Structure formats: C-alpha cells, structure tokens
Amino acid sequence: MKQPDEPCAPAGEAPDRRRPVRSFVLRQGRLTVAQERAFVDLWPRYGVDWVPGTLLDLAALFGNERAVVLEIGFGNGDSLAAMAAAEPLRNWLGVEVHAPGVGHLLLETERRGLTNLRVVRHDAVELLAGGLPPASLARVQLFFPDPWPKQRHHKRRILTPAFLDLLARALVPGGVFHAATDWEPYATQMLEVLEAQGSPFVNTAGPDRFAPRPATRPLTRFEQRGERLGHQVRDLVWRRR
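In this text, residue positions in the sequence shown follow the working numbering: the first is 4, and each later residue adds one.
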C-alpha cells in the first residue's frame, strides 16, 4: 500500500549519480492493521500532503499563528506526542519517512486528542529547502539521527554546513536548534560543524560545550536502552543569531 507522500526509489536500477545523497535509507517495515487504519482514517486529519515546490502555510495548517516546532525523524513519535501534549500552546510539525512510525504517531495523536500536531511524510532536507517560509519556525529538533558510523557513509550524516544554512533560513532570529545523539564521534562532529567560523548559531552552553538535557526533552526508549548499555547522550542546544 503506497502511503501519502511516499518517498520511492526504483528497485533494480543502477544508481543515478545525479541523485542527492540522502541521510536515510527507506526501509519498508510492515504496517500493523491499526497503522493501516490510521493512514486511511487519520491521515486526512493530521497528515500534510506537501507537494514539493510549494510553501506550506503554517497558520492555515494549524488554524492559528502560534509558534511552530519542527521535529526531524521522530521515530515512532511517542516523545513528539508527549511534547505536543505538554506544550499545547505551541504547534508541532513532525517529519519522518518511515511508514510504521508515521502510522504509530497518527494513532497516538488520536489517542491523546491532540489538535496541535501535524505530520509530513517526506525527506526533511527537501522540506526545509523548499517547503517552509523563511523565519517560520521557533525551534527545530533533531534527536538521535542515524550516525552512519562507517567512514564511507559519513557523507550521509544530515548535519552539514549546507543543512545549517537551511535551518538558519527556516528559524526565526533567536530560534533554537536542539540536537541529541548517543554516538560520541557524531556528537563531536556536530559540535565542530556548529562551531565553524561563520556559523549562524550560538552555543547556549558556551563554546565547545554540550548542554544538559532540557527537561522538555522526554527520555525515549532508545535513549533508556542506550543508558543501560553505557552510552552517554549528548545534547546540543544552539540559538539562531
């Protein structure tokens, strides 16, 4: 079953060298019956059928002009739904490519009765590049992105200088970019990219420092499992100049 805005890559074809390097590999997980129902019944209510090349009207999308928080790659969406429930006076926009996670979040949004949460199923980089008006976001969250640990895959890591330029364009002056990872080499690289000369962001924790976990970021199952395995999570909280 093809889902709304489903990213697709033709199988069996030779790689097209002109295609952009993506920060994800699309894995088609099996949908539960409930998740399939969510795409049929709940997507029209909470889903956003974004068409590349068009700008989203966020005020029209949410029915108000409250501050908007974008979360990139929300996984199964439990923590995003919890944050939206805890801060009902903010609007929350989640972007994720994997169908089971999107379906799970749709169900959780319905269960909690949330009216301030919408979901886009698309590549976040493309959405930032062409789907959001300048200075339209109050905060962008990037929690536990794929670290692509092998050297040959580092080009797939999402946090790059070009990505920071997209964030800077989308965030209001004074807006916040909050990232978290339990992969120390990736945390170090993130810090280096953000600290680079000419960066449009300022480290709220001070130069070359990681931030303590804000109380507003819920502990995820992934994070709790990592802590049991001895993985230290590092938060980076940066403010748009």
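Mixed in with the good hints, there may be bad ones.
For lysine to any residue, the following SDA-like pairs were computed, each having C-alpha atoms within a straight-line distance of at most 25 Å [to be verified]:
id, residue 1, residue 2
1, K158, Q200
2, K153, P217
3, K153, L59
4, K158, N119
5, K158, D238
6, K153, V196
7, K153, R172
8, K153, A37
9, K153, G233
10, K153, W46
11, K153, V205
12, K153, P137
13, K158, R69
14, K158, L110
15, K158, E111
16, K158, R172
Simulated from the structure, these hints should not be mistaken for laboratory data.
Note that the coordinates shown come from a computational prediction; the quantities given were computed from them, not determined experimentally.
Hints, verified against the model:
{"no.": "1", "hint": "K158 <-> Q200", "in the structure": "holds (21 Å)"}
{"no.": "2", "hint": "K153 <-> P217", "in the structure": "violated (30 Å)"}
{"no.": "3", "hint": "K153 <-> L59", "in the structure": "violated (36 Å)"}
{"no.": "4", "hint": "K158 <-> N119", "in the structure": "violated (35 Å)"}
{"no.": "5", "hint": "K158 <-> D238", "in the structure": "holds (22 Å)"}
{"no.": "6", "hint": "K153 <-> V196", "in the structure": "holds (18 Å)"}
{"no.": "7", "hint": "K153 <-> R172", "in the structure": "violated (30 Å)"}
{"no.": "8", "hint": "K153 <-> A37", "in the structure": "violated (36 Å)"}
{"no.": "9", "hint": "K153 <-> G233", "in the structure": "holds (21 Å)"}
{"no.": "10", "hint": "K153 <-> W46", "in the structure": "violated (36 Å)"}
{"no.": "11", "hint": "K153 <-> V205", "in the structure": "violated (29 Å)"}
{"no.": "12", "hint": "K153 <-> P137", "in the structure": "violated (34 Å)"}
{"no.": "13", "hint": "K158 <-> R69", "in the structure": "violated (36 Å)"}
{"no.": "14", "hint": "K158 <-> L110", "in the structure": "violated (34 Å)"}
{"no.": "15", "hint": "K158 <-> E111", "in the structure": "violated (34 Å)"}
{"no.": "16", "hint": "K158 <-> R172", "in the structure": "holds (22 Å)"}
Hint check: violations occur at hints 2, 3, 4, 7, 8, 10, 11, 12, 13, 14, 15; the rest are consistent with the structure.
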